[in-house]
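Trainee: Sequence:
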Amino acid sequence: MYNSSDLRKGLKIEIDGDPFVVVQYEFSKPGKGKAYYKCKLKNLLTGAQFDRTFRSSDKFDEPHLEDHEMEYLYSDGEKYCFMNTTTYDQIFLTEDQVGDAINFLKENTVCNVLLFR
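Here this note's numbering is used: the first residue of the sequence shown is 1, the next is one more, and so on.
These are calculated hints, taken from the structure and not from any lab test.
Please read these numbers as outputs of a predicted model, since none were measured by experiment.
No residue lacks a Cβ here, since even glycine has one placed at the ideal position from N, Cα and C.
A few of these clues could be false.
As the list claims (entries may be wrong) - Estimated spans, in silico, between C-beta atoms of each pair:
1) G77 x S28: 16 to 22 Å
2) F116 x S28: 28 to 34 Å
3) F27 x L105: 24 to 30 Å
4) L105 x D18: 21 to 27 Å
5) G99 x S56: 33 to 39 Å
6) E95 x P30: 44 to 50 Å
Unchecked claim - In silico DSSO-like pairs for lysine-lysine, Cα to Cα no more than 27 Å straight-line:
7) K29 x K59
8) K12 x K40
9) K79 x K40
10) K38 x K59
11) K40 x K9
12) K9 x K38
13) K40 x K59
14) K79 x K106
15) K79 x K59
16) K32 x K12
17) K9 x K29
18) K106 x K59
19) K42 x K32
20) K106 x K38
21) K12 x K38
22) K59 x K9
23) K59 x K34
24) K12 x K42
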């Protein structure tokens, strides 16, 4: 579990069941009142970005993310097949799950795939 003081650029946190990455953050301690952290967050599932302010007492869960080196094998028109290069397990991802990376995929290309479970 993370505290607000742990926030930094590149940190991955879970809010309301969705994984986010901190794109930018700013610490502020006004003369009166408690300190706060203003962050720009990016949703790792949808790619949406937004600003959010956290108090120094807020806590965050660590998302269950797995980073695997996988090889892109082929597309069957609807799904994209990736193979784990260490276990040889194959997974199929939809076009929405692959996102903009579709434009850069070539068959037999090794890439890193971030999975949220």
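Trainee: Hint by hint, say whether it matches the structure.
Mentor: Tested hints:
1. Distance hint for G77 and S28: a CB-CB separation of about 50 Å, inconsistent with the stated range 16 to 22 Å.
2. Checked against the hint of 28 to 34 Å, the pair F116 and S28 passes, with Cβ atoms roughly 31 Å apart.
3. With their beta carbons about 39 Å apart, F27 and L105 fall outside the hinted range of 24 to 30 Å.
4. With their beta carbons about 25 Å apart, L105 and D18 fall inside the hinted range of 21 to 27 Å.
5. At about 34 Å, the beta-carbon gap between G99 and S56 stays in the expected band of 33 to 39 Å.
6. For E95 and P30, the hinted distance range of 44 to 50 Å is satisfied, since their beta carbons lie about 46 Å from each other.
7. For the suggested pair K29 and K59, the alpha carbons sit about 18 Å apart, so the restraint of at most 27 Å is met.
8. Of the supplied pair hints, the one linking K12 and K40 holds, its CA atoms being roughly 12 Å apart against a limit of 27 Å.
9. For the given pair, K79 sits about 32 Å from K40 by alpha-carbon distance, which is inconsistent with the 27 Å threshold.
10. Note on K38 and K59: the hinted pairing holds, with a Cα-Cα distance of about 14 Å set against a maximum of 27 Å.
11. At most 27 Å may separate the alpha-carbon atoms for a hinted pair to count; K40 and K9 meet this at roughly 9 Å.
12. The straight-line distance between the Cα atoms of K9 and K38 is roughly 12 Å, inside the 27 Å bound, and the hint therefore holds.
13. Taking the CA atoms of K40 and K59, the gap is about 17 Å. The hint holds against a cut of 27 Å.
14. This hinted pair checks out: K79 and K106 have alpha carbons roughly 14 Å apart, not beyond 27 Å.
15. Restraint check for K79 and K59: the C-alpha separation of about 37 Å exceeds 27 Å, so the hint is violated.
16. Restraint check: the Cα-Cα separation between K32 and K12 comes to about 30 Å, which exceeds 27 Å; the hinted pair is violated.
17. For the suggested pair K9 and K29, the alpha carbons sit about 19 Å apart, so the restraint of at most 27 Å is met.
18. This hinted pair does not check out: K106 and K59 have alpha carbons roughly 41 Å apart, beyond 27 Å.
19. Among the hinted pairs, K42 with K32 is inconsistent with the structure: their alpha-carbon atoms are about 30 Å apart, more than 27 Å.
20. Restraint check for K106 and K38: the C-alpha separation of about 39 Å exceeds 27 Å, so the hint is violated.
21. A hinted pair counts as satisfied when its Cα atoms are at most 27 Å apart, and K12 with K38 qualifies at roughly 16 Å.
22. Proposed proximity of K59 and K9 is supported: the alpha carbons are some 17 Å apart, at most 27 Å.
23. Taken as a hint, the K59 and K34 pair is honoured in the structure, with Cα atoms around 15 Å apart against an allowance of 27 Å.
24. Restraint check for K12 and K42: satisfied, since their Cα atoms lie roughly 9 Å apart, inside the 27 Å limit.
Of the numbered hints given earlier, the model fails hints 1, 3, 9, 15, 16, 18, 19 and 20; all others are met.
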